[in-house]
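There are 2 protein chains.
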Amino acid sequence: MSVTAAQGFRAAGVTAGLKDSGKPDVALVVNDGPSSAAAAVFTSNRCQANPVIWSRETIKGGTARAVVLNSGGANCYTGAEGFATTHRTAEVAAERLGIGAVDVQVCSTGLIGRLLDEDKLLPGVEAAVAALSAEGGTDAATAIMTTDTVSKQAARSVGGWTVGGMAKGAGMLAPALATMLVVITTDADLSSADLDAALRRATARTFDRLDSDGCQSTNDTVLLMASGASGASPDVEEFTTALTEVCQDLALQLLADAEGADHEIAIETINAASEADALSVGREVARSNLFKTAIFGKDPNWGRILASVGTSDAVFDPADLDVAINGVWVCRDSGVGESIDLVDLTPRHVTVTIDLKSGDAAATVWTNDLTHAYVHENSAYST
Amino acid sequence: MSVTAAQGFRAAGVTAGLKDSGKPDVALVVNDGPSSAAAAVFTSNRCQANPVIWSRETIKGGTARAVVLNSGGANCYTGAEGFATTHRTAEVAAERLGIGAVDVQVCSTGLIGRLLDEDKLLPGVEAAVAALSAEGGTDAATAIMTTDTVSKQAARSVGGWTVGGMAKGAGMLAPALATMLVVITTDADLSSADLDAALRRATARTFDRLDSDGCQSTNDTVLLMASGASGASPDVEEFTTALTEVCQDLALQLLADAEGADHEIAIETINAASEADALSVGREVARSNLFKTAIFGKDPNWGRILASVGTSDAVFDPADLDVAINGVWVCRDSGVGESIDLVDLTPRHVTVTIDLKSGDAAATVWTNDLTHAYVHENSAYST
Numbered sequence: 001m002s003v004t005a006a007q008g009f010r011a012a013g014v015t016a017g018l019k020d021s022g023k024p025d026v027a028l029v030v031n032d033g034p035s036s037a038a039a040a041v042f043t044s045n046r047c048q049a050n051p052v053i054w055s056r057e058t059i060k061g062g063t064a065r066a067v068v069l070n071s072g073g074a075n076c077y078t079g080a081e082g083f084a085t086t087h088r089t090a091e092v093a094a095e096r097l098g099i100g101a102v103d104v105q106v107c108s109t110g111l112i113g114r115l116l117d118e119d120k121l122l123p124g125v126e127a128a129v130a131a132l133s134a135e136g137g138t139d140a141a142t143a144i145m146t147t148d149t150v151s152k153q154a155a156r157s158v159g160g161w162t163v164g165g166m167a168k169g170a171g172m173l174a175p176a177l178a179t180m181l182v183v184i185t186t187d188a189d190l191s192s193a194d195l196d197a198a199l200r201r202a203t204a205r206t207f208d209r210l211d212s213d214g215c216q217s218t219n220d221t222v223l224l225m226a227s228g229a230s231g232a233s234p235d236v237e238e239f240t241t242a243l244t245e246v247c248q249d250l251a252l253q254l255l256a257d258a259e260g261a262d263h264e265i266a267i268e269t270i271n272a273a274s275e276a277d278a279l280s281v282g283r284e285v286a287r288s289n290l291f292k293t294a295i296f297g298k299d300p301n302w303g304r305i306l307a308s309v310g311t312s313d314a315v316f317d318p319a320d321l322d323v324a325i326n327g328v329w330v331c332r333d334s335g336v337g338e339s340i341d342l343v344d345l346t347p348r349h350v351t352v353t354i355d356l357k358s359g360d361a362a363a364t365v366w367t368n369d370l371t372h373a374y375v376h377e378n379s380a381y382s383t
Numbered sequence: 001m002s003v004t005a006a007q008g009f010r011a012a013g014v015t016a017g018l019k020d021s022g023k024p025d026v027a028l029v030v031n032d033g034p035s036s037a038a039a040a041v042f043t044s045n046r047c048q049a050n051p052v053i054w055s056r057e058t059i060k061g062g063t064a065r066a067v068v069l070n071s072g073g074a075n076c077y078t079g080a081e082g083f084a085t086t087h088r089t090a091e092v093a094a095e096r097l098g099i100g101a102v103d104v105q106v107c108s109t110g111l112i113g114r115l116l117d118e119d120k121l122l123p124g125v126e127a128a129v130a131a132l133s134a135e136g137g138t139d140a141a142t143a144i145m146t147t148d149t150v151s152k153q154a155a156r157s158v159g160g161w162t163v164g165g166m167a168k169g170a171g172m173l174a175p176a177l178a179t180m181l182v183v184i185t186t187d188a189d190l191s192s193a194d195l196d197a198a199l200r201r202a203t204a205r206t207f208d209r210l211d212s213d214g215c216q217s218t219n220d221t222v223l224l225m226a227s228g229a230s231g232a233s234p235d236v237e238e239f240t241t242a243l244t245e246v247c248q249d250l251a252l253q254l255l256a257d258a259e260g261a262d263h264e265i266a267i268e269t270i271n272a273a274s275e276a277d278a279l280s281v282g283r284e285v286a287r288s289n290l291f292k293t294a295i296f297g298k299d300p301n302w303g304r305i306l307a308s309v310g311t312s313d314a315v316f317d318p319a320d321l322d323v324a325i326n327g328v329w330v331c332r333d334s335g336v337g338e339s340i341d342l343v344d345l346t347p348r349h350v351t352v353t354i355d356l357k358s359g360d361a362a363a364t365v366w367t368n369d370l371t372h373a374y375v376h377e378n379s380a381y382s383t
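Protein chains in written order, with full-length UniProt numbering: chain W, 1 to 383; chain F, 1 to 383.
Isolated chain W (complex conformation):
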């Protein structure tokens, strides 16, 4: 059920002392091969953390043998000194593993604008190497948690091969720019080019459609490593399907653990002229604070939904939109539809359906409501 579900991987999670809480804070996942093909996607934020700068460069060769992840500090906006810390993290892991530093990806999460304490971090990396185990997936998943209340893990086995993964974060709902970090492993044997294509397709339909609060992290990373240990070389389409399922599983776990959220909201846009249009509409609604506070208040305020749709450049007739909330078509032809009294917003799961009546494409974007707890978590935390 995790990064060690697939053959050929060992993992560990240890306590280096980076967190004041004394909880585990350094994770390591190692690919023992025979293949070391890998691919990764990173935040599109132009202001990036040092581990992202390092990992983005070193993944270009299409291989990775290990990834070190630390919580307790994002190593972001820490300049040349912070980059040197990322480099030394990779070097220490590489030396102990007998591989090259450029084969080690690095991910960090936690507070930004502060240097990591190398006197704690680097011995922690050594301890993680010593603790590596084929049963270490859960330890690793636990060590990357920040404000997560549960660890997130998933796996799928198809025929003779497996895809498994772990994740931390809650979109950007966690305080102080906490981050989404995801490591996915597989024992399927695929080229790095195929892995890259599959990963981009899978993340575009899953993590990219999760928008908790519209804020983009500086550290987001999704890493995919393939050991080839199963000996199976699945069809790329088949692999992409399984990978997408694992990504979706993890994405919905992130949504469910979003800090301060009372509701998980699926925004389905249907009958759009294109998938891009459907996504555009969904993203606009997901970013509306007025919509998100209304859902928190259990108010089926469809006018706020239409007002958000109206800020999108998708193809539609503003006078001919239908909107359903939890299956009740409260807005018909951009006017009053079924009674809002029929809508029950007590359950945690909410589905908003927006019918653009302009084609046959569709897409779903997931978000959370905007609550007092969100404001509290993000105003009371840090400094």
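Derived by calculation from the structure, the hints in this document are not laboratory data. Using N, Cα and C, we set each Cβ at its ideal position, and we do this for glycine too. Misleading hints may appear alongside valid ones.
Beta-carbon label-pair distances, calculated as ranges [claimed, not checked]:
hint: 1; chain 1: W; residue 1: 62; chain 2: F; residue 2: 275; range: 52 to 58 Å
hint: 2; chain 1: W; residue 1: 327; chain 2: F; residue 2: 1; range: 50 to 56 Å
hint: 3; chain 1: W; residue 1: 62; chain 2: F; residue 2: 318; range: 24 to 30 Å
hint: 4; chain 1: F; residue 1: 91; chain 2: W; residue 2: 318; range: 21 to 27 Å
hint: 5; chain 1: F; residue 1: 332; chain 2: W; residue 2: 21; range: 27 to 33 Å
hint: 6; chain 1: W; residue 1: 318; chain 2: F; residue 2: 23; range: 27 to 33 Å
hint: 7; chain 1: W; residue 1: 21; chain 2: F; residue 2: 320; range: 42 to 48 Å
hint: 8; chain 1: W; residue 1: 320; chain 2: F; residue 2: 87; range: 17 to 23 Å
With the Cβ distance kept under 8 Å, some of the chain W side facing chain F (calculated, not the full set) [to be verified]:
hint: 9; residue: 45
hint: 10; residue: 113
hint: 11; residue: 289
hint: 12; residue: 336
hint: 13; residue: 370
hint: 14; residue: 375
hint: 15; residue: 380
With the hints as your guide, set chain F onto chain W.
For chain F alone, coordinates are given in the frame of chain W:
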């Protein structure tokens, strides 16, 4: 100090009974000429309220003799029946004033998705005509209030002519898509083309740079009417300057009255390659819930500012950004600068300065913090 500060205008504010509170809810401003030149700007939201659809069409001739404004209902998403109500509002006012219906602009604000009660509204319009007075500016400004705690009025006299105005709303901070409505009057004698150009320049630098919560109303209207009663025909540049001052005065009154806000935040972007770049950066920061909750929490969290800057497509070097909060340069060269302990976020006014080091253009965007009171107001209100 209001829409009756300029010569040639009368105004009124009466109680029609649209509001449960029994407070004034219908305002009327009449231009007695000799000129009836006018211009207006409206929300860019594609889903628009019926009064916006009416006013946008009827202003195309470049004249307006009167404007009726009602609070207590936005007449938005109310279909053909709602449009007929807007039309009848203009007809009733026109008949009593002895002018044409197309000379009457209409603005509405309040809850959306509900028809206005014509049995209350239309007698209210008649009562407003009967109550017209050259001293009626404050009554009109009061009658357009929704969740505003104070009426907003401003005026400037330059040489022999005057610009005055009234406004309601708080960006989009008010509940249930409450709206920004602004009426500005002048006794200067200018063509509708000159008024239009001046209004677009003035609003682009004032109301357009106010972003309380990133949400765009369906009803926003800024109307400018010129009576020419002063006999003065000022230079367009000179007029634009005075108009911009009045717009800025009203915009900052809206910011100060934004519901639930503890802080008024000016985001100054300096040394940008272009004014568009500076605006782009300011708008990204103004839309960051993480930044806005940090200011609420009196946390000078410059990392959240850099992370928002990083989502802009402006020209800058991500490794070479400076950020000051209330004059303290807490971030230098995208790293730690002066101590955040030097920043005092107790005062209501906050200035964030972002130095892009990429040119000599600058722009300021205004926003508010994201508070518990915002969530409360927007979740507990309506339905």
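Now for the hints, and whether the structure bears them out:
A hinted range of 52 to 58 Å is violated for the C-beta pair residue 62/W and residue 275/F, which are about 43 Å apart. Between residue 327/W and residue 1/F the Cβ separation comes to about 52 Å, which falls inside the hinted range of 50 to 56 Å. Checked against the hint of 24 to 30 Å, the pair residue 62/W and residue 318/F passes, with Cβ atoms roughly 26 Å apart. Between residue 91/F and residue 318/W the beta carbons are some 25 Å apart, a value that agrees with the proposed interval 21 to 27 Å.
For the pair residue 332/F and residue 21/W, the supplied restraint of 27 to 33 Å holds, since their beta-carbon distance comes to about 31 Å. Checked against the hint of 27 to 33 Å, the C-beta distance between residue 318/W and residue 23/F comes to roughly 32 Å, which is consistent with it. Between residue 21/W and residue 320/F the C-beta distance comes to about 35 Å, which lies outside the given range of 42 to 48 Å. Hint check: residue 320/W to residue 87/F, Cβ distance near 21 Å, so the stated range 17 to 23 Å holds.
For residue 45/W, the interface hint holds, the least distance from its beta-carbon to any beta-carbon of chain F being 4 Å, beneath 8 Å. This hint holds: residue 113/W has a C-beta 5 Å from the nearest C-beta of chain F, less than the 8 Å allowed. Nearest Cβ of chain F to the Cβ of residue 289/W: about 5 Å, under the 8 Å cut. The hint holds. Because the beta carbon of residue 336/W sits about 6 Å from the nearest beta carbon in chain F, less than 8 Å, this interface hint is met.
Given hint, residue 370/W at the interface with chain F, holds; its Cβ is 6 Å from that chain's nearest Cβ, closer than 8 Å. Hint status for residue 375/W: holds, given a least beta-carbon distance of 5 Å to chain F, under 8 Å. About 6 Å separates the beta-carbon of residue 380/W from the nearest beta-carbon of chain F, less than 8 Å, and the hint is met.
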